[in-house]
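Undergrad: As a plain string of letters, each chain reads:
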Amino acid sequence: MKAKRLVKLFAVIFAIALTAAACGGGDSTATSTSECGSDLAVAKGDSVTDLSVALVAPSAKDDVAFTQSMVDSLTRLGIEPQITDGTFVVEEAAAAIRGYAEDGVNIIIAHGTQYGGSLAEIAPDFPETSFIWGTASDNQGLDNVFAYFPEADQGGYVNGVIAASLSDNIGLVGPVEAGDAVAYIEGFIKGAEANGASTSAVYTGSFSDVALATTTAQAHADNGVGVLTGTSQSAVGAVNVATANDIPWFGTQSNTEAWSSDLTVASQVYHWDVVLADMITKIESGTLGGEAMALTLENGGLVMEFNGCYDLSADAKSAAEAAIADIIAGEIATK
Amino acid sequence: MENAPLLQMPLLEMHGITKSFPGVLANDNVSFDVHAGEVHTLLGENGAGKSTLMKILFGLYKPDSGEIRLRGEVASITSPTSAIEQRVGMVHQHFMLVPTLTVAENVALGLPSNRGFRTDLDAVSERITEISDQYGLAVDPGIEIWKLSVGERQRVEIIKALYRDAELLVLDEPTAVLTPQEVDDLFVILRQMTADGTGIIFISHKLHEVLELSDRITVLRNGKVTGDTTPAETDRQQLAEMMVGREVKLAPDKPHVDLGLARLQLRSVSVKGDRGTIAVDDVSLDVHAGEIVGIAGVSGNGQRELAETIAGLRPAEAGSSVMIDDIDLTKANPAQSRAAGLSYVPEERMKDGAVGEFDITENLLLIDHGDAKFRKGPLFDFAKIREHSQRLVDQFSVKTPSLDTPTSSLSGGNIQKLIMARELDSRPSVILAAQPTRGVDIGAAEYIHSQLIEQRSIGVAIVMISEDLDEILGLADRIAVMFEGRIVDVVDRSVATREALGLAMAGG
Amino acid sequence: MSQFFTVSVLLATLATAIRFAVPYLLAALGETIGQRSGVLNLGVDGIMLLGGFGAYYTVLETQSHLAGIGVGIAVGLFMGIVYAYVTVFLHAEQGISGIGIFLFGLGFSDLLFQELVGTPKPIKPLPTLDKLPGVGGIFEPLIDIPVVGELLFDHNLLTYFALLLVPFVTWLLMKTTFGMNVRAVGENPQAADSLGVSVAKTRFIAILIGSSLAGLAGATLSLQLAIFQHNLTNGLGFIAVALVYFGAWQPRWVLAGALLYGLVTATRIRWQSLDIIPQSASDIAAMAPAIITILALVLLASRVRGPAALTKPFSRH
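Residue numbers (this note's numbering), protein chains in the order written: chain A, 1 to 335; chain B, 336 to 843; chain C, 844 to 1160.
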């Protein structure tokens, strides 16, 4: 029994190492550079667990943003979860979560802050089941709930540093002032302004309104910004504007090269697998929850992915590397 | 002149028309004809078969047997459109006009345009003006219908038919909504049309109008022709009996009652209408025990608002005073008015008087449901309640299959009797009855009238609002005429004449 | 603040407002015709999503905008047939049927998108006048006209089509026999029926025109944005329905509402991007377009009541 767990632990560590290696080329685990023109598909890792896993997520599983980043992370861990995606409606998500629990699924990932209330109701009814919930910075005091959250301001800061090297006028397209979106936008602003760029951030008020995101990006473009960034699934509209106006773009959550292969400079990518692997190890050893874990540059949960197709100056890149090192060392406050 | 056209072939012949619906023989071997240049009246109670016969004429129903001939030829009328094409027109009781469209647009609707896809309203307006001039149907073709008075709207309906070259025109209860003066104007127009050779089917239940206008009269009862006569050969009494099938008291006997004290006192009552403008303007009126005061007037002159204020449903303006038996009800709610002895029979009986989906018992209990005599502890005593309902239904001869029948499935007359039963059972000191017999058949109307007279003789003060001058003249002891929110005239029945009242109703 | 009032920013804002308003305008004009005939279609948003996806996918596959627009209209037409059949011939309750159409459109467009496309892929943007293949050269000098050139001529053809549709719909409703029939059946279907106007046929055609325009509106949205995404409309179709009400069922007021909505939205975004509206007020600013548009139309548009027979199924008794 113990031997088996040990094997699994090795497998997890191996998987993480593999992931890091696959991302390859970077000087640290916190960065990677894609090969230009390469397929962005995530390679499936070796399975780290025999436990059954289910995922409930608000947007589509290939949204090039929040939900896809989780699916990709699970893929890296060799896990093929049962998926209920597109559950913007919390009631539907709650029904799905409860359904999976009743079906005896061991680990249920509720990938949406808005599911917290439902989870507080459901989790106590299924003490044998482990729930993984995020993004959230506390587990609501529930023993069988793990919470996770990205320190999105860290990657935002790094993106901001690079962006400032490209332009001194930067436009940001935010969705709603909440969660990792606001952390990313504010970290970005800090990083950019610390390096002498001026920024303008507009929150559209919607995670999904592509037309508003487009209009906002267009307004920034008309104002003459030299860099655009944005977050949420609606950001696809802003990326289009960036492409049409030949403005460099910075991504977050997932690698946005899928949207804009030429103009995406770098993306902060969430590697939930780092904390998931940690959690799964704990679950297998009998701890079903009771903790919140952060994705950081330090633990490899946040990875800065540079676009091999974008010709970024060595100076800019080394500035980014320096910023990452400083953040990890705690010498730069990104919040 | 009058006999000449009759010698020719009839414009319309309906021979042996029979039409049955499940459980009802709506038309039983009815024959009916109209000649060019005559007014042939179709008289009968609700449900006598008049509208079935007219729907057959307009192709909305197919008769089980019988045939229709137009100008001597067997006619196949399959729809209102085909009736129009065969030059048969109809003026519906509820006008078939589109309020937001202009007169010309309403007239042109459904007809091909000279200009194809585009409308050609100038040409239509020109033709309308010609027709208006010919018959004195003055109306502006460019004006929207909603800006027109009821009388003008009716003219548009007639123009619509004439524009389509109608030779035969059906007028369904055309005088129901008109002032006496407008009725006179209408009759002038109709006579001119008959003089030009139009045949007219006139549907009405106002007997004096029927006698005034008709060349011939056919009476229907229970789907059968029960009378075929001319004004010269008959009178109101006989027509009414042909309609009802038994002896009828058109003018109820009113025993002498000594007038008591004023039970309902209105002093300077002013009320705002739905639009916020003054609808009732400084009305003062006393109604005494043992007296029926009739409030005459064309609807929309403040009667409804006045009634609602008396019933506690609509607030009066400052300075007004409403009293029943010296209890000040100016600011009362409906419950307080009822407690003071008011019974209210509202104008819109299905909207304000009864709940359609409720059964008979429930509607009879609407007011008294809190009464201790219908309760067993906190619960209803259903045995008592049914007993109470049965007694009222019997006493007021409400015709209903059972006490559990939804009220909306009863006839208008029976619903009205049901409401009267409920209202009079509370032993009121003042009865306020608005349009108590509108849309009610003669038999039920007669019964309702007799009940009001009985209440009068036991000392109840009664206010009866009615647009029907026959009803007012038949029942009231005094008559108040309302025009534009004011009481413009109060006369004793003994000196009232139809003409003088009609003039007052029109503000003259 | 001063930065906003530079001519170029003002003009760019106006141009954005117009572009933004076009899908609203198309959908609302279509809905105006339908509602004038007495049929409320709450499914506009769903039809837009399906039309928008159809157009997007067609362009993705064929590179032809014309084909995409055609597919968008065709999808709208088809959904219109479904909706008209259910409401006109089966006398279904319009509110619920419309919600059904919306939910179907929302779900089915997403399903098709996930199955056929998956990750949003940009398509080539709609060409503005000067970039039209073949004839673009004619318009190029026009765009260089100082001040108004870009405002008036730097749009795609659908924008001009939508604007021309305003007088056309007014003409259709007010000056043609079809329009007269539409108004009549929306106001008093019994009267129209008594004169031989087919209520069913008139409403059927009105719904088809309306839903075709909704399909076109969806196509315009996805082609203008050059992308498709789950719930791309984000409730746009419902705002279009509201614009019809607040525009008092008159095309010119519907246009005013759509432009105002677009203008307030564009201005709000501009002001935020120029920090004229502080970050702290962004939530309130996000509500501004809806509130200002509704208030303005309530105050300005003549308060005509709606078609009397709106939402009422018609059948002869």
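Treat the hints with caution; some may be incorrect.
Below, computed lysine to aspartate or glutamate pairings styled on EDC-like, alpha-carbon distance capped at 16 Å [as the list claims (entries may be wrong)]:
hint, chain 1, residue 1, chain 2, residue 2
1, C, 964, A, 62
2, A, 61, C, 997
3, B, 711, B, 729
4, B, 541, B, 502
Derived coverage of chain C by chain A (criterion: at least 3 residues anywhere in the stretch with Cβ under 8 Å from a Cβ of chain A; other residues may be distant) [unchecked claim]:
hint, region
5, 1108-1116
6, 1121-1127
Among chain C residues calculated to face chain B with C-beta under 7 Å, some are [claimed, not checked]:
hint, residue
7, 936
8, 938
9, 962
10, 1037
11, 1038
12, 1039
13, 1040
14, 1041
15, 1043
16, 1044
17, 1048
Hints listed in this document are in silico derivations from the structure and should not be mistaken for laboratory results. Every value quoted in this text rests on a predicted model; they were computed, and no experiment measured them. Just so you know, even glycine gets a beta-carbon here, dropped at the ideal spot from N, CA and C.
Undergrad: Three or more residues of the region 1108-1116 of chain C near chain A by CB distance under 8 Å?
TA: holds (count 6)
Undergrad: For the hint on residue 938 of chain C, does the least C-beta distance to chain B fall short of 7 Å?
TA: 22 Å, violated
Undergrad: If you take the shortest Cβ to Cβ gap from residue 1041 of chain C to chain B, is it below 7 Å?
TA: Not OK, violated: residue 1041 of chain C not within 7 Å of chain B, min 9 Å.
Undergrad: Grab the minimum C-beta distance from residue 1048 of chain C to chain B and call the hint holds if it beats 7 Å, violated otherwise.
TA: 13 Å, violated
Undergrad: Per the CB criterion, is residue 1037 of chain C less than 7 Å away from chain B?
TA: 5 Å, holds
Undergrad: Between the region 1121-1127 of chain C and chain A, are there enough contacts, at least three residues with CB-CB distance under 8 Å, for the coverage claim to hold?
TA: holds (count 3)
Undergrad: Residue 1044 of chain C was flagged as interface toward chain B. Is the shortest Cβ-Cβ separation under 7 Å?
TA: Not OK, violated: residue 1044 of chain C not within 7 Å of chain B, min 12 Å.
Undergrad: Hint residue 1040 of chain C vs chain B: min CB-CB distance below 7 Å?
TA: Check passed: Cβ of residue 1040 of chain C comes within 5 Å of chain B, closer than 7 Å.
Undergrad: Would you check the hint for residue 61 of chain A and residue 997 of chain C, treating anything up to 16 Å between C-alpha atoms as holding?
TA: 37 Å, violated
Undergrad: If you draw a straight line from the CA of residue 541 of chain B to the CA of residue 502 of chain B, is it 16 Å or shorter?
TA: With a Cα-Cα distance of about 25 Å, the restraint between residue 541 of chain B and residue 502 of chain B is violated, given a limit of 16 Å.
Undergrad: Is the shortest C-beta separation between residue 962 of chain C and chain B less than 7 Å?
TA: At about 48 Å, which exceeds the 7 Å cut-off, the nearest Cβ of chain B leaves the hint on residue 962 of chain C violated.
Undergrad: Is the interface hint for residue 1039 of chain C satisfied, with its Cβ closer than 7 Å to some Cβ of chain B?
TA: OK, holds: residue 1039 of chain C within 7 Å of chain B, min 3 Å.
Hints 2, 3, 4, 7, 8, 9, 14, 15, 16 and 17 from the earlier list are contradicted by this structure; the remaining hints agree with it.
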